[in-house]
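As a plain string of letters, each chain reads:
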Amino acid sequence: MVERPAHLAVKRWTSFIVGAIAILVVALLLARVVGNEYFFFAGYVVLQFIVLATAWNILGGYAGYVNFGSGAFFAAGAYTAVALIKAFAAPLPVQLVAAAMVTGLMGFAIGAMTLRLRGIFFSIATVAIAVICETIVLNWGFVGGARGATVLQPPAPAFFTSYTRLLFVIMTLLAVLAVALARYIETSWIGRGLRAIRDDEEAAESVGVPTLKLKLFAATVSGALMGIAGAPFPLYMNFIEPTSAFSLNYAVSALAMPIIGGTASWAGPVIGAILLGSVQQIVTVTMSSELNVLVLGLLLVAFVVAAPEGILGLARRLSGKAGAR
Amino acid sequence: MTGALLEVDAVTKRFGGFVALSEVSLTVRSGERLGIIGPNGSGKTTLINCICGSLRSDRGSIGFDGIDVTRLASYRRTRLGIARSFQVPRPFSSMTLAENIAVPLEYVAHRRSLHGADVSAEARSILARMGLANRADAPTGSLTQVDLRKLELARAMAACPRLLILDEVMAGLSSVEVDEMLKIILGLSRQGVTIMMIEHIMRAIMRFSERVVCMDAGRVMAEGPPDHIVQDSDVQRIYLGV
Numbered sequence: 084m085v086e087r088p089a090h091l092a093v094k095r096w097t098s099f100i101v102g103a104i105a106i107l108v109v110a111l112l113l114a115r116v117v118g119n120e121y122f123f124f125a126g127y128v129v130l131q132f133i134v135l136a137t138a139w140n141i142l143g144g145y146a147g148y149v150n151f152g153s154g155a156f157f158a159a160g161a162y163t164a165v166a167l168i169k170a171f172a173a174p175l176p177v178q179l180v181a182a183a184m185v186t187g188l189m190g191f192a193i194g195a196m197t198l199r200l201r202g203i204f205f206s207i208a209t210v211a212i213a214v215i216c217e218t219i220v221l222n223w224g225f226v227g228g229a230r231g232a233t234v235l236q237p238p239a240p241a242f243f244t245s246y247t248r249l250l251f252v253i254m255t256l257l258a259v260l261a262v263a264l265a266r267y268i269e270t271s272w273i274g275r276g277l278r279a280i281r282d283d284e285e286a287a288e289s290v291g292v293p294t295l296k297l298k299l300f301a302a303t304v305s306g307a308l309m310g311i312a313g314a315p316f317p318l319y320m321n322f323i324e325p326t327s328a329f330s331l332n333y334a335v336s337a338l339a340m341p342i343i344g345g346t347a348s349w350a351g352p353v354i355g356a357i358l359l360g361s362v363q364q365i366v367t368v369t370m371s372s373e374l375n376v377l378v379l380g381l382l383l384v385a386f387v388v389a390a391p392e393g394i395l396g397l398a399r400r401l402s403g404k405a406g407a408r
Numbered sequence: 016m017t018g019a020l021l022e023v024d025a026v027t028k029r030f031g032g033f034v035a036l037s038e039v040s041l042t043v044r045s046g047e048r049l050g051i052i053g054p055n056g057s058g059k060t061t062l063i064n065c066i067c068g069s070l071r072s073d074r075g076s077i078g079f080d081g082i083d084v085t086r087l088a089s090y091r092r093t094r095l096g097i098a099r100s101f102q103v104p105r106p107f108s109s110m111t112l113a114e115n116i117a118v119p120l121e122y123v124a125h126r127r128s129l130h131g132a133d134v135s136a137e138a139r140s141i142l143a144r145m146g147l148a149n150r151a152d153a154p155t156g157s158l159t160q161v162d163l164r165k166l167e168l169a170r171a172m173a174a175c176p177r178l179l180i181l182d183e184v185m186a187g188l189s190s191v192e193v194d195e196m197l198k199i200i201l202g203l204s205r206q207g208v209t210i211m212m213i214e215h216i217m218r219a220i221m222r223f224s225e226r227v228v229c230m231d232a233g234r235v236m237a238e239g240p241p242d243h244i245v246q247d248s249d250v251q252r253i254y255l256g257v
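Residue numbers (our numbering), protein chains in the order written: chain A, 84 to 408; chain B, 16 to 257.
Since the hints were derived computationally from the structure, they do not count as laboratory data. Beta carbons are placed, not taken as given, at the ideal position from N, Cα and C, and that holds for glycine. Mixed in with the good hints, there may be bad ones.
[Unchecked claim] One-sided and incomplete, this derived list gives chain A residues near chain B with beta-carbon spacing under 10 Å:
1) G118
2) G276
3) L295
[Stated by the list, open to error] Which chain A residues face chain B? A few, computed with CB under 10 Å, are given here:
4) A232
5) R275
6) D282
7) V290
8) T294
9) K296
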């Protein structure tokens, strides 16, 4: 991408913000207009994956550090919410903030232990953290342990006819905020530093990039967003148990969606999440929920082999070729 | 005053049982042009890595402009004013040339006043000085060897160094390209940048250096003015193979 003069950058941000507000208004309208409850049930899942994929991409896409344990961060966010509901009947905003803090800290802690080393150590630690978190939750009676816990939805506020509709709008807001944050990081000096780290860490350090600090920052933000994606999950499902919260599906989706969409830009994870999230919903309804992960896996393999830079890279290559003619 | 800018004092670096640097001491004056020669494996690059912070020395101390930088992270040393080039060019390959230059501009030169447009214009002017103006928006993958070396040099210069350390920036270049590179480097020196240059090309070393240090097996074996060094019998034996 070429640098643009400041006023153009401001213009681009203005149109982004206008777009974001428009999306929120549309979500609110939909919550009033659409009659079919399933639309919100499925839409919520797609939006949740936008947050999760965007979160993964901040560390995995921009800086090149792959997190295999997104499921653990997601579930840790969900179980933070459950614990707060059980203990204090905490309202949803409190659950969201607390979940972000817990999983942000998780990201920072894993980062502090492993990001001093370059390469694969962080990824290995994220696999381990998934196992550790699931074991803790399985043995934690207060949040239901292996049996799971039932969480009752509070009555919906007057504007909404059901609580799921409220959650749909809230998840839209979270998705917009997550994407805005990712876009800010990507287009700022932080994003350029993260890209330098991905390209060549030693060279980055040699031109003044504080690599460890930037990696820890990215790990913390990424972790916090994953937790916030999981926080409304118990209220959405009315029930939570470890097997579904720690499902492999989250870990695979969180990395498959950005890779298929394209990791270079904030739009990649959004495209990937909308595409794959919708395909998964369709497969679940028309075929079976077991086929979900299979479809995801096959698509991931196909893209890694045929279009390693994802849909965005493919589009750029095609338009580049057209322009060259 | 032209005092010592860099003071390397008895620096030792081991890799397992192999002693790569054995109590190396070296002083570089402010504004000096220092050439470093020595056979492959004599510890030249290890010394640079210790000075720049890519490696931590096991013993000894490194002082820069009166500050002890021995334990300082690499990026902090860059911000103090030590910049380097790598022996094999290491561009940020996902970025254009201008973006490559923008990284040190944002992280060192303009750390306190970040402004996208200024950085871009300044990156272009630095590239122009290296003769890379028309490639500013090209990806690094399209560059020739000599242009990659120039980019490496431009990126180091964008960090506004007071000490520039060049690790074989001329390796593999043709004789015309060596002259071109030498002209750029001597120009930087005239602007007041202190330069340490590792090089195998004797013609370049002789023309560039005010003083030459010859390393062998992790030690400083000889030092002196270039014409003096080439007459040194030990240098001739181990380095020139005479």
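- Task: Verify the interface restraint on A/R275: the C-beta must sit less than 10 Å from at least one C-beta of chain B.
- Result: 6 Å, holds
- Let me know if the C-beta of A/G118 comes in closer than 10 Å to any C-beta of chain B, holds or violated. 47 Å, violated
- Message: Just to be careful: measuring from the Cβ of A/L295 to every Cβ in chain B, is the smallest value less than 10 Å?
- Response: Holds, about 8 Å.
- Message: Restraint: A/A232 near chain B, CB-CB cut 10 Å. Satisfied or not?
- Response: Hint violated; A/A232 Cβ to chain B Cβ min 45 Å, cut 10 Å.
- Have a go at the A/D282 hint: is there a Cβ in chain B nearer than 10 Å to its own Cβ? It holds, given that the least Cβ distance between A/D282 and chain B is near 4 Å, below 10 Å.
- When the least beta-carbon distance from A/T294 to chain B is tested against 10 Å, hint result: Holds: closest Cβ of chain B sits about 7 Å from A/T294, inside 10 Å.
- Item | Per-residue hint verdict: A/K296, partner chain B, C-beta under 10 Å | 9 Å, holds
- Message: Tell me if the interface restraint on A/V290 is satisfied: Cβ within less than 10 Å of some Cβ in chain B.
- Response: With a closest approach of 4 Å, the A/V290 hint holds.
- chain B contact restraint on A/G276 - CB to CB distance below 10 Å: Status holds, d = 7 Å.
Hint compliance for this structure: hints 1 and 4 are broken, all remaining hints hold.
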